[in-house]
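**Q** Chain X is fixed; fit chains D and L onto it per the hints.
What follows is each chain in one-letter form.
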Amino acid sequence: MSPHYSLQQLAELVDGRVQGGGGLIIRNLNGIAYAQPGEITFVLDKKQLPLPEHCQASACIVPLDAGPVDRPVLITDQPGVAAAKIHAALLARPFEATGIHPSVVVGDGCTVPEEVSIGPLVCLGNNVSLGQRVTIHPGAVIGDGVTIGDDTIIHANVTVAHGCSIGKRVILHHGAVIGSDGFGFATDRQGRHHKKPQVGTVRIDDDVEIGANSCVDRAAFGVTWIKTGTRIDNLVMVGHNVVVGEHSILVAQVGIAGSTTLGRNVVLGAKTGVAGHLHLDDQVMVAAMSGVHNNQPKGAIVGGAPAFEAKSWGRAAVAFGRLPETIKEVRRLRKEVERLSALIDSPETSKDNK
Amino acid sequence: MSPHYSLQQLAELVDGRVQGGGGLIIRNLNGIAYAQPGEITFVLDKKQLPLPEHCQASACIVPLDAGPVDRPVLITDQPGVAAAKIHAALLARPFEATGIHPSVVVGDGCTVPEEVSIGPLVCLGNNVSLGQRVTIHPGAVIGDGVTIGDDTIIHANVTVAHGCSIGKRVILHHGAVIGSDGFGFATDRQGRHHKKPQVGTVRIDDDVEIGANSCVDRAAFGVTWIKTGTRIDNLVMVGHNVVVGEHSILVAQVGIAGSTTLGRNVVLGAKTGVAGHLHLDDQVMVAAMSGVHNNQPKGAIVGGAPAFEAKSWGRAAVAFGRLPETIKEVRRLRKEVERLSALIDSPETSKDNK
Amino acid sequence: MSPHYSLQQLAELVDGRVQGGGGLIIRNLNGIAYAQPGEITFVLDKKQLPLPEHCQASACIVPLDAGPVDRPVLITDQPGVAAAKIHAALLARPFEATGIHPSVVVGDGCTVPEEVSIGPLVCLGNNVSLGQRVTIHPGAVIGDGVTIGDDTIIHANVTVAHGCSIGKRVILHHGAVIGSDGFGFATDRQGRHHKKPQVGTVRIDDDVEIGANSCVDRAAFGVTWIKTGTRIDNLVMVGHNVVVGEHSILVAQVGIAGSTTLGRNVVLGAKTGVAGHLHLDDQVMVAAMSGVHNNQPKGAIVGGAPAFEAKSWGRAAVAFGRLPETIKEVRRLRKEVERLSALIDSPETSKDNK
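Protein chains in written order, with this note's numbering: chain X, 1 to 354; chain D, 355 to 708; chain L, 709 to 1062.
Same shape as in the complex, but just chain X (with noise of 0.2 Å):
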């Protein structure tokens, strides 16, 4: 039973505004190639519009300079964020416990109430506590006292370990391993290396996502902690000790070294890597496959390994291609250069120099 609002009321949903039909009943959203008649489809930009003459969506979302479109719309500022909650909005249904599954284990201790749905072949340490609506998919593994909290969703496979505490509303994607023990060791005179205990934990505040077989370490003494909203995309690897600010966004593959702090609202792009021990502040952004070797204050925008400010990087990346040639120009005007010293410096040319 798929819950369906009116144009109208999506409308008010987001703060947007119809321009005709606003009683028409919406069923759905979906992409443009892929929308039926009673769903609505989104452009984020007005040069998408007009729509293709296939497209059967019933509406669409459009920014506010859209102008004349032909069919129903939803007007308004931020087409992609009213996408987001009427879909999410369009896709709500109501939690329906499973309950636990006969094969589950569940250890000694553990809170669980009624309404979850824990999925075949989890386990669950002693000493779980698990919030209202939880759902944990199939062969997740739950360490001993592990918290999670109120409608949050544990893919398939995922590793939570001991003494990890997991926000509400939070997405931990397949495969994804929380409470890993950082990557800390001392090595002797003899180049042996001893490990140094991991005894701190792991902490994700609520309305965080974390990827498939992302990797966030349990800190040496203390928490490694995401901050509430932040998203974090597959094969991320967040080390020990980190702490990244609300709202940020970790694109795939991105490692960030142990102890390094990031503010709110910190964009690295793909495959950054961030060295240990540095904070990047409120707003840094870092262009995919960057190395961060330096802290960055509020707002930086950069790019590189080193990386340094985006626009000089951008204009030195695009360079590096004429290097090869600007070396072989540098030789021959140091030969053109070294034929006109000549001359000059020669009695005729140049008698009273020097």
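I should point out that these hints are in silico values taken from the structure, not numbers from a laboratory.
For clarity, every value in this text was computed on a predicted model and none was experimentally measured.
Treat the hints with care, as some may be off.
[Said to hold, decoys possible] Only some residues are given here: those of chain L computed to face chain D with a beta carbon under 10 Å:
(1) Leu829
(2) Cys831
(3) Ala848
(4) Ala869
(5) Gly883
(6) Thr895
(7) Asp896
(8) Pro905
(9) Asn921
(10) Ala928
(11) Gly930
(12) Val944
(13) Trp1021
(14) Ala1025
[To be verified] With a Cα cut of at most 20 Å, we get these calculated SDA-like pairs of lysine to any residue:
(15) Lys1019(L) x Glu338(X)
(16) Lys682(D) x Glu1044(L)
(17) Lys682(D) x Pro711(L)
(18) Lys46(X) x Asp542(D)
(19) Lys400(D) x His985(L)
(20) Lys689(D) x Ile301(X)
(21) Lys549(D) x Ile153(X)
(22) Lys328(X) x Arg1040(L)
(23) Lys47(X) x Leu632(D)
(24) Lys682(D) x Pro1032(L)
(25) Lys335(X) x Lys1043(L)
(26) Lys328(X) x Glu1044(L)
(27) Lys1043(L) x Arg693(D)
(28) Lys1043(L) x Arg688(D)
(29) Lys682(D) x Ile1035(L)
(30) Lys335(X) x Glu683(D)
(31) Lys549(D) x Thr228(X)
(32) Lys400(D) x Ser412(D)
(33) Lys195(X) x Pro711(L)
(34) Lys682(D) x Lys1036(L)
In this text, a Cβ means the ideal position worked out from N, Cα and C, and glycines have one as well.
**A** This is chains D and L only, laid out in the frame that chain X set:
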């Protein structure tokens, strides 16, 4: 009961030609350092000949230009391909169905032929459909509505999320995740990220191989699609709505951002990143550790980040170390030119110049 | 029942020396910010002294040159190593075997001593051989014929594929995959890839640690081999037939291509890639995010992609941002030199030239 063939039979299998000992019975293929009597080994290049004295192989696969060899040979124009085919033939065993292990959890409405091998602690969701001779190793989780084609092998702890479709003779290696959510959200003016529901799926065509702990995200709408014969190494990230063309190769730790499409026989070297919404046409080759930020025409061979023509990039990469000395030399040239300029432009040497 | 030691006993454990309070009883080690009375903390460098006023540690491990400290100290020439050893001693507990959880699936012909702890939903294949005091956490899958040495810890959702051998005191972190197929295939003239069967195994020697979601591929033939004491971080890729020498360090997201061999005490910085069929000799160090394309002699310290001598690379990396201005300057110099050249080479100024 391992199959064995005469050298002549093996030659016929790969359209090769025997020199000496066509009736020799071969029971296995092995590397030069490991081969025992009764086994065949192979060289890819005549430079690997002669075989070392201690090599006990009874026969050898060699290229056309090998010249005389000290034991029976199978001559072929593609010794690597011949070795792969022959090794596969020698290892081939009839499928032995072990059925469904009693610890497996099978959802409602599943279609499971008799001739399958489903190992312990596997979870099949509802409405899963398996082909003939499918093998699923322990700990794998197959989501609702997944279809899996004949002769496919799913290794331990793999997750295939709901609705994805896996072709025939596919191999998904341990820990791979197929169908995790794409990394989609819209950011509002307050810097908060609103999740875009990811309602598409993943389609993996026949004869694809996906490496350990690699991730293929489900599409936002529609499908993320890996086409026939493509080989994906370990720890690779394929973003939502990506299309990877037939017989392509993605080496370890590659990442492809959302909505990018690759043609046939594309090769991405290890750790390469490809930005989103691009097209890399057929036969594009990208050097390891590159970052591709632009569309690439058919057959382009590129490297670097941002990637450009590979030979030029190679020259630039080699020249990179000379950059500091080049900058110094340019500074010296500037001084010298200014000195010359001053001399020449002075009244004594250059009376007539402006 | 946590063990506790006098400060004097701890000093003897690490060949250190006590100043003040040798009889002080220490029950734990903790970070400066976390330590409580009865706990010892540590500093790696005298610059970290004096300890902050709020630090409640009862004692401190300090380096030889620490000078006077406001509480009892344990003086040692390797404070990091001492802290690691002391922390381990203070955390040491007798092994408490929990036995085999009833949900574990054990194959035929396994050798499992009484004193092991095998958690829920683990799968042991056939002919698995476990040493004394082995711990296997929930969801791990151990393939046929695997051997695991004494005191090894296998974390949740790890896979060790068939035939691999794991030494003593090894730690495999969550989601790691040991023994997935190497990435081997031969491509025919039609661009189709023929899988080369990967019939080798993986050998992990004593005291090795492998990070979460890292992958070590099985050899094509023979073994992929991680030698004693080596530490591998998360999301690392070790290709088939690689050999990693003793006491080496592979930081997060490193990738090593097939058949490359590393000597002892090699250090690969985060995200570094090493091409196939190379040898990096003992004590080679590679900066983070580098790409190694050449053999490296003993003790080489390199960086960049392709990697070269690290100091030169550091200078080049810093100079990179000056490339665009350098190219402009070279263009200006060219113009100036041409102007001078024209003047000098004109009959008036240069009568006798050529």
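**Q** Can you name, in rising order, the numbers of the hints this structure does not satisfy?
**A** 15, 17, 20
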